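**Q** Required output: the full structure, derived from the provided sequences and hints.
Line by line, the protein sequences are chains A and B. Per the numbering used here, the first sequence starts with residue 56, numbered consecutively. Per the numbering used here, the second sequence starts with residue 47, numbered consecutively.
No lab work stands behind these hints, which were simulated from the structure alone. Treat the numbers as computed from the prediction; the structure is a model and nothing was measured. Careful: at least some of the hints might be erroneous.
Claimed, not checked - Simulated restraints on C-beta separations:
1) B:Asp188 <-> A:Pro167: 55 to 61 Å
2) A:Arg236 <-> B:Asp82: 36 to 42 Å
3) B:Asp67 <-> A:Pro167: 33 to 39 Å
4) B:Asp136 <-> A:Arg146: 38 to 44 Å
5) B:Val113 <-> A:Arg146: 33 to 39 Å
6) B:Asp75 <-> A:Gln148: 26 to 32 Å
7) B:His159 <-> A:Gly220: 56 to 62 Å
8) A:Pro139 <-> B:Asp198: 41 to 47 Å
Said to hold, decoys possible - With the C-beta cut set under 7 Å, the calculated list includes, among others, these residues of chain A facing chain B:
9) Leu76
10) Asp109
11) Ala137
12) Gly182
13) Arg189
Cβ atoms here follow ideal geometry from the backbone N, Cα and C, with glycine treated the same way.
Here is how the chains run, residue by residue.
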Amino acid sequence: MTRPIAYLSPRADAQAPFAGLVPDGLNLSTIPERALPDQPPDRFGALLVPMHIDQRRFAAAGPWISKFFQAGGTLVFNGLLAYPFHPALARFQPLARPRVDQFRVRIMADHPVWRGVDSDDLTFRRGVAGFYGRGCNPPPPGARIVGTIDHGRCRIDWQWHPPEGGRLLMHAGNDLWMYARDKNSAGALTPQLLRWCAAEETVS
Amino acid sequence: MTAPIIVLDGGTSYHAFSLSDPMLGPWFDQRLYVDDVSAETLGHAGTVVVPCRLNPDWLVAHSDLLVEVLRQGRTLIAMGETEPQSWLPDIRFTSVPTNFWWWLEPEGDLGLHIAAPDHGLFDFLTLAEATWHYHGTFETPDGATSLVNAADGGSILLDDRTSWPGRLILTSLDPFYHHGSFFMPAASRFLVGFTQWIQSGMPIHRHRPDG
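**A** Here it is as structure tokens:
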């Protein structure tokens, strides 16, 4: 049986912003960020981390995160990494003085989360570029690069299998589910992300 | 020696990147992580800065400490998206949908204007630096001074020296978030000017009216 997906909420009483869009058959729980270390690390199959969390608190839960990976958990991390929560990770590196063309998203590899999504629909929101991301959380060796900006040079999205187990999907920008209600192809990203999280054993 | 300026740190990426920026961090005397805030650690502060998007749950739970800053005649600066209406008394806030694309429209105008051109803050920044987008407006309390108004007359930045023994600076702008997310040059310029104004003792009157 598939374990539930957890959304780590900065607010004690808030639901996930995509709570109403969870595909049938998937089970979503919301965990307030302060309550994370109280959860059994094997309770959830996936943990979705938004950009507005207290990253210092999250990094302090490093031992819990390690046990979560050991239990085969999938961690989806959104945001600019200021406090690395795993020894293989490093702080966010912004593009230096970027021009608008450098914000253009390019998907480099087929991945179930981004499948069928037009990268222009990720680049532009009402004609404004830059929301998707403006730099990278440097990928560890062996990470599979999926999404880039800066003409393929800046590795903004990647998937990595930590040595202790599990999966880490990194997105060094605004929350991937900001597109959840978009009427274009980017709207598919959130349900595809949730289905990918639920497919725990899939190595892709 | 003036009483220290303490800036709270919510542990977010944008607080971290803004406060570790050599253009900004050194202007604050102390950076205090939320878990380290107490009556004792705030007790010696002359000015307490609540940076934008500090978790409102934490602020509600610690409102007594922050209200005490104002009651004791000290200065509290509360910035955007911290929901001060939920942790400070008598604050009236109206949320507005964020328009981040106004500048792409023909003759686009966010509709902000300076309400107190002689205020000392404007020795340190101009309207252009306060203009990217905003998330809501405050009703200016009686006796307080709005520095920047939105088109509807609500304030996005005000200086209240009458409601409390202390001084309350309130803004709905969120420049720490944008600067620390490397996303909005105007917000970065605002934050540098605003911080230098704080560090200069938050003068009420301009000394460089043509500056």
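**Q** Broken hints, numbered, in rising order?
**A** As far as the earlier hints go, only 9 is violated by this structure.
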